Amino acid sequence: MATLEIRDLHVSVDAEGAQKEILKGVDLTVRQGETHAIMGPNGSGKSTLAYSIAGHPKYTVTSGQVLLDGEDVLSMTVDERARAGLFLAMQYPVEVPGVSVANFLRTSATAIRGEAPKLRTWVKEVNAAMTQLQMDPAFAERSVNEGFSGGEKKRHEILQLELLKPKIALLDETDSGLDVDALRVVSEGVNRVRATGEVGTLLITHYTRILKYIQPDFVHVFAAGRIVESGGAELAQVLEDEGYEKYTGIKEVA
Amino acid sequence: MSSQPEQTKGSSTAAAVSVAQPGSGAPLAGPGTGRTHSEVLASRGERPTSYDPADFAPLTGREEDWRFTPLKRLAKLHEADGDGGAPADGSDKIALHLPEGATAVLVGQDDPRVRKAGAPIDRTAALAFAAVKDVTVVTVTKEAVLTEPVRLEVNAEGGTAYAHVVFDVKPFAEAVIVLDHKGTGARSANVDLIVGDSAKVTFVSVQDWDRDAVHLAQQNILVGRDATVKSVNVTFGGDLVRITPNVRYTAPGGDAELLGLYFADDGQHLEHRLFVDHSVTNCRSHVTYKGALQGADAHTVWVGDVLIRAAAEATDTYELNRNLLLTDGARADSVPNLEIETGEIVGAGHASATGRFDDEQLFYLQARGIPEAEARRLVVRGFFADVVRQIGIPELEEQLMAKVEQELAQELDR
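Protein sequences appear in the order of chains A and B.
For what it's worth, UniProt numbering labels the leading residue of the first sequence as 1, then goes sequentially.
For what it's worth, UniProt numbering labels the leading residue of the second sequence as 1, then goes sequentially.
You may find that some hints are simply not true.
[Stated by the list, open to error] Restraint ranges, calculated between C-beta atoms of paired labels, are given here:
(1) Glu141/A with Asp358/B: 19 to 27 Å
(2) Glu360/B with Gln19/A: 18 to 26 Å
(3) Glu397/B with Gly33/A: 44 to 52 Å
(4) Lys246/A with Gly329/B: 52 to 60 Å
[As the list claims (entries may be wrong)] Far from chain A, some chain B residues (derived; all Cβ distances over 10 Å):
(5) Arg44
(6) Asp55
(7) Arg62
(8) Asp92
(9) Lys116
(10) Thr147
(11) Pro171
(12) Asp212
(13) Ala251
(14) Gly329
None of these hints come from the bench; they were simulated from the model.
Since the structure is predicted, the reported quantities are computational estimates derived from the model, not experimental observations.
Think of the CB as a built atom: it goes at the ideal place given N, C-alpha and C, for glycine as much as any other residue.
Next up, chain B with everything else stripped away, as it sits in the complex:
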């Protein structure tokens, strides 16, 4: 199979194949890849995970999964306690809204649900795991169809906070879960979503932080048999935000739609690193992340790792990342990695593009009398609209488009 960037449909190769995509095998080096040299990497599937922070060496910033992240701005969330790490001294205001059909309970780390969705993939997630002794478990009752979203609102008021929450959606239930982050401080969290067999979940995490917040979050999504999950990450605020969504499937028939939008202003570092691990047959994953950047040293990172293991026949996967540079001085790194260990798949592909504002679009709109600022707004709205439209919650879609407008207004005010 070739390493063509677009979708490969209906491969009929019987033997195992490996695809030399950036990040699997020998990654490409050079401009746009974020690498100055090319080196052979192990399969994403072999990267260790652990609940014990001691299993992860202290970070240097040279690690493959930390090479884009400015560690100095992590507010010591990567340091162990007693080793210069940040003690939990935050005073977050948390509000949990549970509609009928959902309940919440605090459990210890030995509760099986706490370790069900997946282990920490890096040092910061392991440190956060170790730091939270009482884990919040929100359960959506089997077969319950929630009429309102489960909402978890975090209003941080400075200091450092560690968090761990598990959303356990039982079979055949239907739920919308919204995590809303506001305020400031340093926060490192593990967020687990267990999607029971045939359940349908829309999971939205909004990072609407104040400009100086630091936020790390590992999101583990475990998709049950014939279950459907739509995950949406919306990252606008914060000084440094790094989200690592991981998707695994327990049984055939799982469907994961992973959407994201982000908007980075001057100096912000917004990073999203996804890993979709296809290990069972007949599952689907579809990733669409779109970002806009404006201002000096605005930096976004998108890494999309997709692994189709040998057993995962009839997998259908596609991932897309698009970045729109609105001004000079911004930088978007975009690294899709696709590893394929079986040819018996429905489709596997990726597309990544980072471009400047299109002057021809601007000219066209202006030639119809539309003033430049409004024309820019139309183009950026349009850029985000096709991912926002896929969310399927009109109220939230409107809020997000309003946020996009706000971000654009900031630019115009400068």
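Pulled out of the complex, with its shape left as it was, chain A reads as follows:
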């Protein structure tokens, strides 16, 4: 069973020449089949956690460990981490002009699966996944994320999640900028992947809204670079009612 273990993770970012510590000792274990919600106010470092695990070059891990099934993730390159089974759905996916979605998806699937998917079954697989996410087939011919609306970008991220079938999915603010219809479609996509029981999900969010569609098994409150409280789904309701003030001293709604 796949397990992601984060142990006493400290991460810094270069801020005008000086190293600024953002993560100050994060401990968390996510197992296949589990869904963990990381909730916290803006600036608490929750996105940094996701990007550090994925290996974004902007962040420097100063101490601690990240292990996937016992393997040292931090010594892997970004693409090795993805091939090991990590997936990061980004809050702001990047435009890649001139590279079609179809080409991108196939190149990516080939890398992750270790061989090129058979063309016939692949086309069916992509079309089925796109239909479920209510994406127009013409979408496949567009350049990656170029000119996509916010909702299209998020659907495209979840489309990749469904096709790449990671062991651990990190979903960074997947709900932000989505209207209710798009949120429902995107959440259904995440739930289909979860229903396979083969993925561990780390859902990063500021607001509780998405948790009405994607029920977490665990909720963790993130503040000032670490997890300050953990509980079950009921903790989200507490945050909904009381906000993050208790953790930050600043009145901010969840």
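Please build the complex by placing chain B on the supplied structure of chain A, with the hints as guidance.
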């Protein structure tokens, strides 16, 4: 009218306007402009042209149109004969493939077709003009629709060569013309393309030279009434390549699409200087040049001069240059110049950007399992793909993308 960098649509100003763009009036100086100081320049339309090399002073390298070019590497193509110039001693192998509907003939310099498309704009073009007594004229018959391209293949085997070829495409004809340059040596050429009324021409010049070749070429494109021309320059090889395409229109309704891609490796100097002279009404020009650079002292220059003369009402023009720096130590100069003498135009604009490889793109692709080298390849392919796709000749498009792959493979081998 302001000097905003993006397209100005549907100006309704009745009076003549002049736009202070870099290169017209007082050009900007400073990083990225290639200028250390700003000075007032004459209009591009006033720059002299001549068939006589004596009308051009010997080059010093300080001239506005030569300031980027390393003259020492010109293989003396800028020196007059008897004045240290390079005599024509090259042994180029030339192959000319003429499909049905096209014919070729050698003519003297007094033939009117030889001087129809435009006069030399600089000393090297004038020297090349003077050096070629027998000019090749390829004629595409009126109303002929060629089923295969006219191909002129140059395989240079060292030495110095001067060349002059005129492609005379008669009215209502449709043709694809491909010039292919391979091998090594020093070559200075005038290439004329006369696009007859209502003719449709795609003209491709591929500079696929060996690493040590030197190539200068003035391309004159004369666009007839309601004619359509698509010109494509592809420059990958050579030590120094300097191409100067010039576009003029004889009558309203002309449409010129000018595409280019170039890829400079260590030490290569690849220069493209365009001039589109809008002097008649209702014509269009659209320029898209894209370049990638990698390695120490890889240098590219793109200059796009567009002049909309007072008489050229209802002109629609746009030019774009993008450069992608793949490694440190490379340099791309990009200078769009737009001069507008009438406000009665459909649109006029330009955009120029030179950027480094985008690490966020790389991260995104790698985060989907794609190894770094392949991710880089995807991004560069994508960068060139949108200009290559506009060529409209699938076979050539595939060849060019394969060339891009090859260039990238060279980088990865290092």
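Problem set entry | Hint numbers contradicted by this structure | Hint check: nothing fails, all pass.
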